[in-house]
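In the order they appear, the protein sequences are chains A and B.
Just so you know, the first sequence maps onto residues 19 to 477 in the working numbering.
Just so you know, the second sequence maps onto residues 19 to 477 in the working numbering.
Do not rely on the hints blindly, as some may be mistaken.
You can't tell identical chains apart in this list, so a pair holds if it fits in one copy or across any two.
Cross-link-like lysine to aspartate or glutamate pairs, in silico, EDC-like; alpha carbons within 20 Å at most [what the hints assert, rightly or not]:
#, residue 1, residue 2
1, Lys284, Asp420
2, Lys218, Asp427
3, Lys329, Asp446
4, Lys397, Glu371
Worth flagging that the hints you see were computed from the coordinates, not collected in a lab.
Number of protein chains: 2
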Amino acid sequence: MEVINRYITIKNHVEGAPQDSDFELRSSPLLLSLEPGSDEVIVKNIYVSIDPGQLNRMKSYSSSQDCSTFAVAMTPGEDIDAYGVGKVVVSGNPKFGKGDIVAGFLNWGGFTVVKPGGMYITIKNHVDGAPQDSDFELRSSPLSLSLDPASHEVIVKNLYVSIDPYQLNRMKSYSSSQQRSNYAVAITPGEDIDTYAVGKVVASGNPKFVKGDLVAGLLKWGDFTVVKPGGMLNKLDPMGFPLSYHVGILGFSGLTAYAGFFEICKPKKGEKVFVSAALGSVGNLVGQFAKALGCYVVGSAGSKEKVALLKEKLGFDGAFNYREETDLKLTLQRYFPDGIDIYFDNVGGDMQEAAVSNMNINGRIAVCGVISEYTDREKRGAPSMIDVIYKRLKIQGFLAGDHMNLFGDFLSTTCDHLRSGKIQPLEDISDGVESIPSALINLFRGQNIGKKIVRIAEE
Amino acid sequence: MEVINRYITIKNHVEGAPQDSDFELRSSPLLLSLEPGSDEVIVKNIYVSIDPGQLNRMKSYSSSQDCSTFAVAMTPGEDIDAYGVGKVVVSGNPKFGKGDIVAGFLNWGGFTVVKPGGMYITIKNHVDGAPQDSDFELRSSPLSLSLDPASHEVIVKNLYVSIDPYQLNRMKSYSSSQQRSNYAVAITPGEDIDTYAVGKVVASGNPKFVKGDLVAGLLKWGDFTVVKPGGMLNKLDPMGFPLSYHVGILGFSGLTAYAGFFEICKPKKGEKVFVSAALGSVGNLVGQFAKALGCYVVGSAGSKEKVALLKEKLGFDGAFNYREETDLKLTLQRYFPDGIDIYFDNVGGDMQEAAVSNMNINGRIAVCGVISEYTDREKRGAPSMIDVIYKRLKIQGFLAGDHMNLFGDFLSTTCDHLRSGKIQPLEDISDGVESIPSALINLFRGQNIGKKIVRIAEE
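Take the sequences, apply the hints, and build the full model.
The structure is reproduced here in structure tokens:
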């Protein structure tokens with residue numbers, strides 16, 4: 019059955035008080051049936067909310083438009099979403115049946131076609147210490163925007179999403195990092211959270227993508243992502259490897275290890291390399307790259323089991339449990355009687371101080387993470403600058419995003435090593451959107467072994 | 019009058035218990051008169067000391083030989099010095115007259131030709147806090163080794179010697195820097211102390227130098243230096259500039275500023291540059307190089323007068339007295355509303371922390387000195403590594419000695435700027451060996467204006 023759906027749109031951006039002449043009533047035919055396999059829901063709208071905040075969305079520019087997904091700018095001619103109540107008339111989604119009364123984001127119009135939105139994770143409040151279960155919330159997303167081909171948006175079904183310590187910096191009420199990098203933008207409680215991930219295109223208004231494409235890029239901690247034009251999204255060739263590899267070892271964690279080790283540290287065969295958090299997503303790869311190059315490699319980790327894994331599975335020359343050591347300077351002296359040439363720093367704090375005092379002349383420290391400082395700003399290290407000067411040390415921070423030019427090299431090197439068995443993938447996978455909070459929480463408790471990934475759905 | 023001087027030497031190195039056959043009595047003619055202008059003293063030896071410690075000097079190798087100027091290795095065939103008592107027979111030195119009974123280092127032989135040794139400064143004990151007058155001692159040096167042409171030694175009359183904060187690290191009972199650089203070797207109480215300096219050759223066993231040559235290199239905090247083969251010594255062309263310039267602005271301080279700023283920081287015109295201890299020997303030049311390049315430059319110093327000098331004499335865009343500021347982070351925010359691109363760090367500590375938090379993305383920090391940490395190891399800074407990562411900062415220590423390849427460029431650039439008046443020399447000169455301790459002490463009290471130099475003698 020086809021109905022005529024009447025809806026309100028704006029004819030132009032609205033900068034002052036809204037006038038009748040700013041609005042238009044449009045109509046378009048709507049078929050009240052779904053394609054086979056669609057999980058859309060068509061709702062007959064009953065009541066829709068009229069809110070002053072909508073006016074900000076109608077302006078040609080308002081800073082609020084950048085700040086919240088509930089305040090996204092409206093484009094003249096498009097339908098307008100608002101909170102509302104309605105009744106399901108057709109459902110392809112097993113959670114809803116015809117006749118259900120529903121509430122959510124509906125259109126200022128007669129009907130709303132609600133695309134599958136799924137669940138997503140958000141924070142309930144800013145998180146300034148170690149993250150707790152109670153900081154997170156599982157929400158359902160309306161995803162009610164119909165996909166206009168002119169919008170160039172792409173809707174992606176998320177498959178594997180990355181869980182990384184740096185997300186905690188984005189959740190803080192303040193971290194200087196939030197202003198400094200596109201990858202560290204502050205997260206507002208209630209908003210969805212983006213991360214590096216792999217997914218599959220379910221609908222595309224962008225000529226570069228078609229339904230069914232495998233993609234990698236910045237997706238959400240949730241079931242689906244609407245990727246706006248300009249969002250980071252690339253087609254993915256799995257090259258015969260499991261999809262999860264493309265989130266970790268062949269994704270940003272891998273690039274971080276590769277760029278940080280080869281580009282920042284410029285290692286030479288035979289050099290002495292120390293890696294902290296050596297069983298983390300990046301650390302384990304740095305150690306393996308270093309071994310593959312012919313370096314002497316020692317790693318630190320937080321348990322006996324991890325130490326055993328580093329030595330036995332990953333072939334590190336040495337490894338120690340930092341929790342059992344009372345004087346990290348002496349510990350490092352023991353493992354590096356000839357000093358450290360390269361320190362790949364994932365933790366900062368005391369360990370960094372101890373490493374600086376054991377570095378050799380012309381030593382290089384790549385600062386990749388500061389897990390100690392993320393949860394407690396008092397735990398900063400105070401490395402000796404006398405050592406930095408006299409040993410001509412270089413301490414350099416970096417972000418993998420600055421080294422995308424290396425992605426090709428990184429990918430071919432790493433795939434070769436994976437195929438020859440020189441490098442072992444180390445993954446720690448949980449299942450379902452709802453497992454995301456505990457995945458992040460456990461990262462800060464050191465409970466992950468290798469790259470932490472959440473599998474949202476099977477391909 | 020000519021006499022026959024008989025003296026004892028070793029025929030070979032002595033490794034076990036000394037035997038008669040290890041020694042030889044030699045004789046050589048000695049003219050008991052001096053060349054006009056010579057200030058040598060010829061002593062008839064009366065009693066000489068026989069000490070077990072001499073045996074270490076006779077060994078082919080003993081670690082003690084590297085540790086003390088009183089334990090220098092003996093070369094078979096050379097005369098042997100020991101503590102002794104004698105009587106002056108000829109004197110070219112106004113301090114001594116014929117017939118004086120003297121004590122000092124004399125030879126195991128009939129006569130000793132004592133070359134002018136002069137006075138030198140040493141430390142009485144290790145210095146672990148701020149240096150005090152009571153830590154230093156003015157001693158006279160015997161310089162009794164006759165200059166054998168085969169020895170390749172050069173005797174230099176010191177003219178201008180450099181006073182630098184890093185010397186304090188060498189005086190500590192322990193500093194990790196002492197093992198890491200040839201420029202930072204530990205100083206043992208009682209020993210003479212080397213420094214960058216300018217002097218004039220008074221005697222040469224090295225074919226590269228002749229009497230009267232002006233030279234620059236590592237000389238002593240004292241009247242004379244015996245430069246051994248391999249010691250750092252170069253002929254000096256004053257190029258029309260005062261000799262003192264070659265200790266400071268055209269010497270190692272200048273090279274430190276040039277290499278640190280241009281090589282480590284890689285500045286671009288228009289960048290925002292912050293220099294701490296901006297009126298120090300290196301800081302004032304970094305600021306002037308930065309201004310000459312077209313950067314925006316702000317400096318910190320420790321008094322109103324210094325702040326005025328920075329702005330009025332050296333043309334800094336801004337300057338502040340750090341002693342009057344309560345929150346250095348806010349101070350730097352005020353002077354750098356658009357952030358800092360380059361921080362040339364001469365002080366470490368709180369100032370470094372504050373600078374890190376005000377750095378721009380891809381900012382560079384050259385770590386040149388840590389005057390705060392030299393006198394108090396508790397005053398280390400704890401810069402935010404989150405900032406270091408997200409702003410991709412590079413914190414790099416350096417020593418000018420690693421950048422000798424730039425000396426030519428540095429010299430021609432700096433001479434040009436001096437001639438055109440783009441750069442002002444800033445010198446703070448005291449007179450006489452005896453003023454060296456207070457010169458160093460006052461450096462740590464911030465009482466110098468520009469490069470601290472002691473003039474030992476007029477050319």
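Quick rundown of the hints versus the structure:
| no. | hint | result |
| --- | --- | --- |
| 1 | Lys284 to Asp420 | both (16 Å within a copy, 19 Å between copies) |
| 2 | Lys218 to Asp427 | neither (25 Å within a copy, 58 Å between copies) |
| 3 | Lys329 to Asp446 | within (19 Å within a copy, 59 Å between copies) |
| 4 | Lys397 to Glu371 | both (11 Å within a copy, 14 Å between copies) |
In terms of the numbered hints stated before, the structure departs from hint 2 and from no other.
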